[in-house]
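Participant: Work out the full structure: start from the sequences and follow the hints.
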Amino acid sequence: MLYRTSGQFKTSYVADMALFPVRQDAVLLAIILAFAWVILPLTASEFAFQTLLIPILIYSLAAMGLNILTGYAGQLSLGTAAFMGVGAYACYKLVTIMPWMNPVVAILLSGVFSAGVGVMFGIPSLRIKGFYLAIATLAAQFFLVWLFEKWGWLYNYNASGAIQVPNLEMFGVTVAGPTASSHVQYYVVLAIVSLMTMLCINLTRGTLGRTWKATRDMDIAAELIGINLMKSKLTAFAISSYIVGVAGALFVFMWRGAAEPNLFDIPLSFRILFIAIIGGLGSVLGNYLGAILIVGLPVILNTLPETFGLPISSATVEHLNVMIVGALIVFFLIIEPHGLARLWALIREKLVIWPFPH
Amino acid sequence: MKLWKQLAAATALTVIAGGAMAEGLYAPNMAYRTGPFAALGIPLMNGQADYMTMLNERDGGVGGVKVDFEECETGYSTEKGVECYEKTKGNAIVTQPWSTGITLQVLPKTNVDEIPILAPGYGFSPMSEGGTFQWAYNPPASYWDGAYMILSHIAGGDMASLKGKKIAFLHLDHPFGKEPLPLLEQLAAEHGFELVAIPVGLKEMQNQSAQWLQIRRERPDNVIMWGWGAMNSAAIQEAVKTKYPMEQFYGVWWAGHDPDLAAVGDKGKGYKSISWSMPQPDSALMADIKKYVIDTGKTQTTEDQLNSVFYQRGLVMSMMLAEAIKVAQEHTGSAEIGPKDLRWGLENLNITDEKLAELGMAGMVPAFSTACNNHTGHSGAWILEWDGAKFNQASDLLQADQSVIEPLAKAKAAEYADANAPWPVTTCGG
Numbered sequence: 001m002l003y004r005t006s007g008q009f010k011t012s013y014v015a016d017m018a019l020f021p022v023r024q025d026a027v028l029l030a031i032i033l034a035f036a037w038v039i040l041p042l043t044a045s046e047f048a049f050q051t052l053l054i055p056i057l058i059y060s061l062a063a064m065g066l067n068i069l070t071g072y073a074g075q076l077s078l079g080t081a082a083f084m085g086v087g088a089y090a091c092y093k094l095v096t097i098m099p100w101m102n103p104v105v106a107i108l109l110s111g112v113f114s115a116g117v118g119v120m121f122g123i124p125s126l127r128i129k130g131f132y133l134a135i136a137t138l139a140a141q142f143f144l145v146w147l148f149e150k151w152g153w154l155y156n157y158n159a160s161g162a163i164q165v166p167n168l169e170m171f172g173v174t175v176a177g178p179t180a181s182s183h184v185q186y187y188v189v190l191a192i193v194s195l196m197t198m199l200c201i202n203l204t205r206g207t208l209g210r211t212w213k214a215t216r217d218m219d220i221a222a223e224l225i226g227i228n229l230m231k232s233k234l235t236a237f238a239i240s241s242y243i244v245g246v247a248g249a250l251f252v253f254m255w256r257g258a259a260e261p262n263l264f265d266i267p268l269s270f271r272i273l274f275i276a277i278i279g280g281l282g283s284v285l286g287n288y289l290g291a292i293l294i295v296g297l298p299v300i301l302n303t304l305p306e307t308f309g310l311p312i313s314s315a316t317v318e319h320l321n322v323m324i325v326g327a328l329i330v331f332f333l334i335i336e337p338h339g340l341a342r343l344w345a346l347i348r349e350k351l352v353i354w355p356f357p358h
Numbered sequence: 359m360k361l362w363k364q365l366a367a368a369t370a371l372t373v374i375a376g377g378a379m380a381e382g383l384y385a386p387n388m389a390y391r392t393g394p395f396a397a398l399g400i401p402l403m404n405g406q407a408d409y410m411t412m413l414n415e416r417d418g419g420v421g422g423v424k425v426d427f428e429e430c431e432t433g434y435s436t437e438k439g440v441e442c443y444e445k446t447k448g449n450a451i452v453t454q455p456w457s458t459g460i461t462l463q464v465l466p467k468t469n470v471d472e473i474p475i476l477a478p479g480y481g482f483s484p485m486s487e488g489g490t491f492q493w494a495y496n497p498p499a500s501y502w503d504g505a506y507m508i509l510s511h512i513a514g515g516d517m518a519s520l521k522g523k524k525i526a527f528l529h530l531d532h533p534f535g536k537e538p539l540p541l542l543e544q545l546a547a548e549h550g551f552e553l554v555a556i557p558v559g560l561k562e563m564q565n566q567s568a569q570w571l572q573i574r575r576e577r578p579d580n581v582i583m584w585g586w587g588a589m590n591s592a593a594i595q596e597a598v599k600t601k602y603p604m605e606q607f608y609g610v611w612w613a614g615h616d617p618d619l620a621a622v623g624d625k626g627k628g629y630k631s632i633s634w635s636m637p638q639p640d641s642a643l644m645a646d647i648k649k650y651v652i653d654t655g656k657t658q659t660t661e662d663q664l665n666s667v668f669y670q671r672g673l674v675m676s677m678m679l680a681e682a683i684k685v686a687q688e689h690t691g692s693a694e695i696g697p698k699d700l701r702w703g704l705e706n707l708n709i710t711d712e713k714l715a716e717l718g719m720a721g722m723v724p725a726f727s728t729a730c731n732n733h734t735g736h737s738g739a740w741i742l743e744w745d746g747a748k749f750n751q752a753s754d755l756l757q758a759d760q761s762v763i764e765p766l767a768k769a770k771a772a773e774y775a776d777a778n779a780p781w782p783v784t785t786c787g788g
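For the protein sequence lines, the chains are A and B, in the order given.
To convert, note that position 25 of the first sequence is 25 in this note's numbering; the numbers rise steadily by one, no gaps.
To convert, note that position 282 of the second sequence is 640 in this note's numbering; the numbers rise steadily by one, no gaps.
Think of the hints as simulated: they come from the structure by calculation, not from any bench.
The beta-carbon is built from N, C-alpha and C at its ideal position, and this holds for glycine as well.
Where hints are given, some of them may not hold.
[As the list claims (entries may be wrong)] Only pairs whose alpha carbons sit at most 30 Å apart, straight line, appear in this in silico DSSO-like list of lysine-lysine: (1) B:Lys561 <-> A:Lys93; (2) B:Lys656 <-> B:Lys445; (3) A:Lys150 <-> B:Lys523; (4) B:Lys561 <-> B:Lys601; (5) B:Lys768 <-> A:Lys93; (6) B:Lys561 <-> A:Lys150; (7) A:Lys129 <-> B:Lys561; (8) B:Lys467 <-> A:Lys150; (9) A:Lys93 <-> B:Lys656.
[What the hints assert, rightly or not] Computed Cβ-Cβ distance ranges for the label pairs, DEER-style: (10) B:Pro780 <-> A:Ser194: 28 to 38 Å; (11) B:Val554 <-> A:Ala221: 56 to 66 Å; (12) A:Thr303 <-> B:Ala518: 51 to 61 Å; (13) B:Gly628 <-> A:Leu328: 43 to 53 Å; (14) B:Ala568 <-> A:Gly152: 15 to 25 Å.
Facilitator: Listed below in structure tokens is the structure:
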């Protein structure tokens, strides 16, 4: 009923290829964007900003970067956290060497470094595939984290070995550092994430996206129809690492405020991989759904006993939390092995033909 | 139907009770009873919680107001820690971050939110510079104090005798483990001993064969260990395996966990750990803890933890907080204090031997006092030695030479303030 498409005629090719061929999709997105840009910032508390809104956006972006590589181009990577680290450290060096630089520019630039490193570690993908490639990216993971620890120049030879975000201003407003307000940080993150999402949607719909999908589905066939595999794989590595690097810079500069090398260790890589897998490989929407489930849900579950006044000790809550989230992941993957994005697609399909299923 | 009514009544009751509890002094603790470091966390958290429960039961709280000592579970994860900080900062009078990662992250925010950090025996050593770190307190001793005292014990009080010695510094490759390095390097250059820094990566914590091979090859005169969690027990077992003489093996206060040593028993005899707390099983405080907390079952503590170093250290930590609250209450003349008042209390803490005796804690912690330019207190510490079954006090009270540490702390504090400009700095005594 809500999603009835009857009466929406497409009279031209352009209309058929529009980003939202169904009007309701556009309306739904407009509502979500209105929430994200206006309603949530007006109503959310400091706690919600710091533990829900900002991290969910940043994790979604990181998962989106990984999804380009793994979901669209079919190259399994276990080095996401390390590439995030490259972005974060690059951004740190940029703003400490050139303090006059606009922080947003620095964040967007730091992705370039991460893209370079990504391409370097992507070269083995030309020869190896599947699990073997995963191991090659695992090497990137271990090597880069080791480098973050040992290369003192990267963290300006701090005694603690950690990087700390200084106060950064943009047009007279503090956007990063301890004195920055959550509202400002949220808007910066939201703007960058929205921009990147738009970029991703359009990239994956265009020639490049189709090339990636062909490479993913069968690389020999792709080569036979004239796709340059080297170009296809390396662009996937570059663009994926760029997005991941920007997410890493946001992660430290707009949210954490400080980072030690082992933050970018393999658990973070796995976390982002889980977001991408549970959300749905090869989709953009899935990254958001996955991040909400993996990042947001535990935080909400943690606050529940207190809101209802249940006398459960915090350690027990933590144990319960792990169990509930784990069970939910299993549940969703059994219902729909292709992830939450596919689940939404099915629901939407059912809504379109409701109340007359085939 | 009846069941639902009961449930509803129970919920309503707990909501009311919860509401009433929140009226006390809200002192959250970022506990880690889960995760990789839970084995160390549990006795410490139990000690902290039990002391506050005992005060609430025996005296009706501090100054007549109950202390709402609530735990927020972090599992030692920085992410969860920040979540806890954001969740609790609204009503909290103090924040107890409990991990170097969380401290690093919370430290700049406390300047803005104006909540004091209480980090007993951990965190940055330069936090003693109260002019720079106005909201951070790390009584009763800093890591630099600890490193200095271990060296002075090795040297038998005369640092010059270290000349020509070789000392290995086995540390966790992490901000916490690297903390004493600047001081140790400076002392090595000054007194002419060779310092061999041996890092243990977070991932290699439980497999230190490479590090101990290096120790066997280098044959250092002493090994100083800056370890945490699983690293300590692994190191002690490796030391036993490689037959490194235990008498020459020293650990920081977090490397003196009874179960780690109990695992090797007699073979660990002679292992030493510096400590600013000392279990006193026969103290009046322990009798009260037993009477009001353990026997009434208002605790998660098990009997075998009671006399361990870590449990009783937890008691000492809460004592410092409770005393600071008292000082603040006297200063403001009101029992209901806020975070700003507590900051004053922490800055004017004066724990004398008489006060300790009055609290029934004689000998559990050395006397110390804090001030604006001394947020640490520099209490000094004892060397504890493992005798095969338990830790015993093996030295008189050691003191770190502040004329060496203070300039370094000042320099590092200034460096920190510069790197994080604009950082609010005040001068003390002005």
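Participant: Take the hints in turn and mark each one as holding or not.
Facilitator: Evaluated hints:
1. Between Lys561 of chain B and Lys93 of chain A, the direct Cα distance comes to roughly 27 Å. Compliance with the 30 Å bound is thereby established for this hinted pair.
2. At most 30 Å may separate the alpha-carbon atoms for a hinted pair to count; Lys656 of chain B and Lys445 of chain B meet this at roughly 25 Å.
3. With a CA separation close to 27 Å, the supplied pair Lys150 of chain A and Lys523 of chain B stays within the 30 Å bound.
4. For the hint linking Lys561 of chain B to Lys601 of chain B, the alpha-carbon distance of about 24 Å falls within 30 Å, and the restraint holds.
5. For the hint pairing Lys768 of chain B with Lys93 of chain A, the CA-to-CA distance comes to about 25 Å; that is within 30 Å, so the pair holds.
6. Restraint check for Lys561 of chain B and Lys150 of chain A: satisfied, since their Cα atoms lie roughly 15 Å apart, inside the 30 Å limit.
7. With a C-alpha separation of about 27 Å, the suggested pair Lys129 of chain A and Lys561 of chain B falls inside the 30 Å cut-off, and the hint holds.
8. Annotation: proposed proximity of Lys467 of chain B to Lys150 of chain A holds, straight-line Cα distance about 28 Å (limit 30 Å).
9. Note on Lys93 of chain A and Lys656 of chain B: the hinted pairing is violated, with a Cα-Cα distance of about 51 Å set against a maximum of 30 Å.
10. Pro780 of chain B and Ser194 of chain A have their C-beta atoms about 31 Å apart, which keeps the hinted 28 to 38 Å range intact.
11. Range check, Val554 of chain B to Ala221 of chain A: Cβ separation about 58 Å, and the 56 to 66 Å hint holds.
12. Between Thr303 of chain A and Ala518 of chain B the CB atoms are about 58 Å apart, so this pair conforms to the stated range of 51 to 61 Å.
13. The supplied range of 43 to 53 Å is met by Gly628 of chain B and Leu328 of chain A, whose beta-carbon atoms lie about 52 Å from each other.
14. Between Ala568 of chain B and Gly152 of chain A, the C-beta spacing of about 22 Å keeps the proposed range 15 to 25 Å intact.
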